[in-house]
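Start from chain P and add chain G according to the hints.
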Amino acid sequence: MPGLAGLFFCLKQTMNKEVKNIKKLIVNQSLELDCGKIIKNFPIAYETYGTLNKSKSNAILAFHALSGDQFVTNINPITKQEGWWTTAVGPGKAIDTNKYFVICINVLGGCMGSFGPKEINPDTNELFGTTFPVITIRDMVRAQIYLLEYLGIDKLLSITGGSMGGMQVLQFVSLYPNKAHSAIPIACSASHSAQNIALNELGRQAIMADPTWNNGNYFKTNLSPDKGLAVARMAAHITYLSKKSLQEKFGRKLQDTGSLKFSFDADFQIESYLRHQGTKFVDRFDANSYLYITRAMDYFDLEKQFNGNLSSAFKNTKSKFCVISFSSDWLYPTIENKEIVMALNACGANVGFVEINSDKGHDSFLLNVPKFLKTLSEFLNSTYKEINNEKRI
Amino acid sequence: MKKEFEVISQIIQNNKRVLDIGCGDGTLMEYLKFNQQNDVRGLEPQKDLVQKCIAKGLSVIEGDAEKELVQFPDKSFDYAILSQTLQAFLFPEKVLKQLLRIGKQTIVSIPNFGYWKIRLHLLFKGTMPLTKNLPNEWYNTPNLHMCTIQDFVNFCKEKNIKIDRSLCLTNERISEITNGNMLYKNIFSQLGIFLIK
Numbered sequence: 001m002p003g004l005a006g007l008f009f010c011l012k013q014t015m016n017k018e019v020k021n022i023k024k025l026i027v028n029q030s031l032e033l034d035c036g037k038i039i040k041n042f043p044i045a046y047e048t049y050g051t052l053n054k055s056k057s058n059a060i061l062a063f064h065a066l067s068g069d070q071f072v073t074n075i076n077p078i079t080k081q082e083g084w085w086t087t088a089v090g091p092g093k094a095i096d097t098n099k100y101f102v103i104c105i106n107v108l109g110g111c112m113g114s115f116g117p118k119e120i121n122p123d124t125n126e127l128f129g130t131t132f133p134v135i136t137i138r139d140m141v142r143a144q145i146y147l148l149e150y151l152g153i154d155k156l157l158s159i160t161g162g163s164m165g166g167m168q169v170l171q172f173v174s175l176y177p178n179k180a181h182s183a184i185p186i187a188c189s190a191s192h193s194a195q196n197i198a199l200n201e202l203g204r205q206a207i208m209a210d211p212t213w214n215n216g217n218y219f220k221t222n223l224s225p226d227k228g229l230a231v232a233r234m235a236a237h238i239t240y241l242s243k244k245s246l247q248e249k250f251g252r253k254l255q256d257t258g259s260l261k262f263s264f265d266a267d268f269q270i271e272s273y274l275r276h277q278g279t280k281f282v283d284r285f286d287a288n289s290y291l292y293i294t295r296a297m298d299y300f301d302l303e304k305q306f307n308g309n310l311s312s313a314f315k316n317t318k319s320k321f322c323v324i325s326f327s328s329d330w331l332y333p334t335i336e337n338k339e340i341v342m343a344l345n346a347c348g349a350n351v352g353f354v355e356i357n358s359d360k361g362h363d364s365f366l367l368n369v370p371k372f373l374k375t376l377s378e379f380l381n382s383t384y385k386e387i388n389n390e391k392r393i
Numbered sequence: 394m395k396k397e398f399e400v401i402s403q404i405i406q407n408n409k410r411v412l413d414i415g416c417g418d419g420t421l422m423e424y425l426k427f428n429q430q431n432d433v434r435g436l437e438p439q440k441d442l443v444q445k446c447i448a449k450g451l452s453v454i455e456g457d458a459e460k461e462l463v464q465f466p467d468k469s470f471d472y473a474i475l476s477q478t479l480q481a482f483l484f485p486e487k488v489l490k491q492l493l494r495i496g497k498q499t500i501v502s503i504p505n506f507g508y509w510k511i512r513l514h515l516l517f518k519g520t521m522p523l524t525k526n527l528p529n530e531w532y533n534t535p536n537l538h539m540c541t542i543q544d545f546v547n548f549c550k551e552k553n554i555k556i557d558r559s560l561c562l563t564n565e566r567i568s569e570i571t572n573g574n575m576l577y578k579n580i581f582s583q584l585g586i587f588l589i590k
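Residue numbers (our numbering), protein chains in the order written: chain P, 1 to 393; chain G, 394 to 590.
Check before you lean on any hint, since a few could be wrong.
[What the hints assert, rightly or not] Here are some chain G residues pointing at chain P (derived, C-beta under 10 angstroms):
#1 Asp432
#2 Asp441
#3 Gly450
#4 Ile454
#5 Ser469
[As the list claims (entries may be wrong)] Below, computed lysine-lysine pairings styled on PhoX-like, alpha-carbon distance capped at 20 angstroms:
#6 G:Lys510 with P:Lys99
#7 G:Lys445 with P:Lys93
#8 G:Lys440 with P:Lys338
#9 G:Lys510 with P:Lys318
#10 G:Lys510 with G:Lys525
#11 P:Lys315 with G:Lys449
#12 P:Lys338 with G:Lys497
#13 G:Lys449 with P:Lys374
#14 P:Lys371 with G:Lys497
#15 P:Lys374 with G:Lys445
#16 G:Lys518 with P:Lys371
#17 G:Lys445 with G:Lys490
#18 P:Lys179 with P:Lys385
#19 P:Lys54 with P:Lys40
#20 P:Lys374 with G:Lys440
#21 G:Lys490 with P:Lys93
[Said to hold, decoys possible] Calculated Cβ distances over 12 angstroms to all of chain P for the following chain G residues:
#22 Pro466
#23 Phe470
#24 Thr563
Hints are computed from structural coordinates only; laboratory data are not their basis. Remember, it's a predicted structure, so these values are computed and weren't measured experimentally. Beta carbons are placed, not taken as given, at the ideal position from N, Cα and C, and that holds for glycine.
Isolated chain P, as found in the complex (with noise of 0.2 angstroms):
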């Protein structure tokens, strides 16, 4: 079918070109990587919602997750998707943009314009692909830092997100232990487990056994490792659910006729589920990057950063948490995150905690779960109010 994979590549081309025309800071100070490389006028991509008040005391920096990116509410402009986090910002919502500036940055090693195995490497003005430097979490949040410098922001209201959202979080507090108010880290981990190192290290696989993957130069051949690439994504996908939701949401019902084929079609309604899940990522993410994040996400160990004492990663912070886990989350379990509010609590840090209950899985923080948003709300409003009492005062 060389029509339809001309049209994917147009539709790639048009979409390359967009990314062109969203905010970008250029940084033009040198940042030194953890693997060593330096790079310096490097861009990062981002979106602001709402409107930052006069004394700069209502910003707050939104992280996104492994496939997100700093289109966090509204219709992104790109994928023309719904962003990724419209259940809980926008106006009148938990974290109401009537209210709060709400700040997102595409990480760094991303796809959607922020300096990443898609953007040309400026010594051989071709695309980076494998050959950009390997990221970590620090890297990703200690490029974000430019642009609260450029916005003029001395202290964020808050900071949250959830999974690898958090964890930037948690490396966020430990970087900068005065530059926010509040944090709240969503159902995220201080050190990624071996569990998910693996989980991640499939969907690299799946990636890289796609033919057209080419080593990462894929760029070259005008093919992209769609199908490595839906495959890692649909692996993804089921560690984001819960048993018990795919069971009450697929059972074992077929699709179309109703009875069962004998092929190897996609008979059962959870397979043409995560076959659409796959597929619908390609369109909108680009597989070297998907490899860069969740790499960055396996290196992603504070406690290690800080010689084996997770508290001392926080023992300067000023920022008072809320730590927000979700009972049927298997891929940042309960148990992970109270590792993080007990290394706050050694260090005698101001912390709260509570687990949601919710079915939905690890994407419980992307849904609708009333009383995570409600938590989310009230927690965000109590230091608001806090806030303004402090400065009367």
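Relative to the frame of chain P, chain G by itself:
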């Protein structure tokens, strides 16, 4: 705010670090934080109550005191509070030990099982006592280890726990317990409040 909490707030005064174990909906914490500028943390097993506390701006952790007190360092709080919860633990002695480790001082309040109405209830009705403070039937009560004011004082003596202050509450009236009036207070008080270390 109930009288018991007023008494506890008066003991604590201002600008202290306080841990409220079994903080419920955070009523006491709220008062200690916003009216007396204390740095307060709470621990509470019920999710809906934890959520209420967080909404009020209180830093409360969802968790079970029998398992989770170990995470707090020695003497990391000026006061550890345990209000009418000691009797509900599987191992009250272990919990108390943790409190004494975490807090420079500990405030414990107990519903007094020696209160005369409870004694009469058991004596005349011959069934497990139900009162305003202890409204649950024997088969669904969370209270596993009821004790009297005398029991608690004996316990502290036996375990070398120093009691700095002993107070009791009867119908919203507060008074001191002394060696001389112990027998009387153990009959006429609904609640005992102890400052120990």
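Hints breached by this structure = 6, 9, 11, 12, 14, 16, 17, 19, 21, 22, 23
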